[in-house]
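Line by line, the protein sequences give chains G and S. Just so we're aligned, residue 1 is where the first sequence starts under our numbering, counting upward by one. Just so we're aligned, residue 1 is where the second sequence starts under our numbering, counting upward by one.
If you are wondering where the hints come from, they were derived from the structure by calculation, not from laboratory data. Glycine included, C-beta positions come from ideal geometry on N, C-alpha and C. Take every hint as true, because none was put in to throw you off.
Here are the simulated lysine-lysine pairs, BS3-like style, with alpha carbons at most 27 angstroms apart:
#1 S:90 - G:130
#2 G:129 - S:90
#3 G:90 - S:130
#4 S:129 - G:90
#5 S:222 - S:10
#6 G:225 - G:144
#7 G:305 - G:244
FRET-style restraints, in silico, Cβ to Cβ:
#8 G:94 - S:144: 23 to 29 angstroms
#9 G:94 - S:249: 38 to 44 angstroms
#10 G:48 - S:81: 24 to 30 angstroms
Protein chains: 2
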Amino acid sequence: MQGNGDKAEKRYVLLSGGVGGAKLALGLSRILPPSALTIIANTGDDFEHLGLHISPDLDTLLYTLAGEVNIDTGWGRRDETWHCMDALEKLGGETWFRLGDRDLATHLERSRRLSAGESLSEVTAALCKKMGVEIRLLPMSDQKVRTRLTTDRGVLDFQHYFVRDAAAPVITRLEYAGAGTARASDGVREALGDPQLAGLVIAPSNPYLSINPILAIPDIRKAIKETSAPRVAVSPIVAGAAIKGPTAKIMRELGHEISSRTVADHYGTLIDHLLIDAADSACANGIEHSGPAVTVCNTVMTSDKDKMDLARRVIASCEMSS
Amino acid sequence: MQGNGDKAEKRYVLLSGGVGGAKLALGLSRILPPSALTIIANTGDDFEHLGLHISPDLDTLLYTLAGEVNIDTGWGRRDETWHCMDALEKLGGETWFRLGDRDLATHLERSRRLSAGESLSEVTAALCKKMGVEIRLLPMSDQKVRTRLTTDRGVLDFQHYFVRDAAAPVITRLEYAGAGTARASDGVREALGDPQLAGLVIAPSNPYLSINPILAIPDIRKAIKETSAPRVAVSPIVAGAAIKGPTAKIMRELGHEISSRTVADHYGTLIDHLLIDAADSACANGIEHSGPAVTVCNTVMTSDKDKMDLARRVIASCEMSS
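Excised from the complex, chain G in its bound form (with noise of 0.2 angstroms):
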């Protein structure tokens, strides 16, 4: 995808989780060549589950990217069927995580690939050239990291905590295991390190959740810190909430205010720049006092069109910065 010899190219990486940040790579997506967007996904909240290797950041960008997410959910596929989970309820298994009929086959031909040798980058990119997306998704690591959480119920593994109780435990601490020794993948190492790259970005996704896993990795981390780039985030805090998930209810369990302050001051000099709601005006300066340039604008993205605009504002963002 890269390299159409284009020498002029502006090129930009997101650094994304889920649902929240698929809907900003699909406005990105939507407004720049397939050539000039690379998407780094976050891998830690993987995990195997009845022996395939599921992989639900990915496959919701996947899934969005192809046109083929369920709208409703923001994850899973659409026209989705579950007569594999309705048969496995019947036969006592387990059914917490929901996986559909159509959906399974990502993760039987993921599980197929990997067992055969192939490493979650080369599984991702020969899943995204059948489902025909030309961007270029990447696992944050080929190698295993693993959200797990210290909470009032005990150490959770990242879906146990997130799907199988709902993120209703409260959380006294995160651990992204495996991360101080895992490596960037290739690509990834690759489009941080691009000439050419004209932003880094990072998606409105949970900070703790799905950013910090990308982050807690050293050479992305490094390579982030390094980058001459301009490096823009969008806070995923309106209004003192979240749009959706966990994210304030973290900001309060770790003791944090829920604004996009804390946003800033979570990515502190790894950011240059953050994007936050107009609903939160009023903190811009304060924010500004100490820390990135802000620019204010509507970071709620529920039609394409709010998609678009919000990439756009990010690009212009990184335009700004550099």
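Add chain S to chain G, keeping to what the hints say.
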């Protein structure tokens, strides 16, 4: 299921492969109380596919006895859908072994339980219970036995030969890898050693592909040799052809006459009685001359009545031979 207090209960054991054997299993299940029937299934066809442990003969027996089988094919589940396979095909995955959406649940649950350390016998018992099957259905062994075929296309795993290549390769040699060191599962040993055993029945399954793997396990073979219970087989050959599957083709490839006489010679002194089809009545005397006693009857099972009629003939033959 056993030990229901009826000390006089006559108990029967059926050695069975998939489709053909399952028909007789169903017939026997309709005329015997559940505690009186134990089915020992071939697991030489088992294989790992897409990361799942698949036990085709156990599944065919399970679905048949549970009233869940696809009656048109004789295997797989009724009212099945194929959304996962369709999606897998689009991903370029391996779809030569067709796994229906509901059928997949069985493989997922079996694989999960095996990974958790359960034996195949325990998993099978759990699946039977969940599907309402009261008859004791047992894998021949909890250890791995794999039928492998030397053919004109090289050495093939069973399912590659049977399903992927539609049994087209010419067989020169059959091997039951692992059988020599495999042990009968506990339930199998118990059933074959049961003092109330009133008959050991060999289903009209493929002698080479379905029954031989069972007989290749040393302690099963020994128990059958030594039992005082009558041993009755039903010939899978009718009028010089097999009802279904490659039995006749393999007989030819191995240089044998395609007849019930070959079946009698094949089982040799392991059986006391052979049921052959009315169409082959002419060879009854020849078989009896140097081999087992012969009963001539209809062995083609189309309707449920056919299955029960043949089951009654089988039980009558056991009584006759005792």
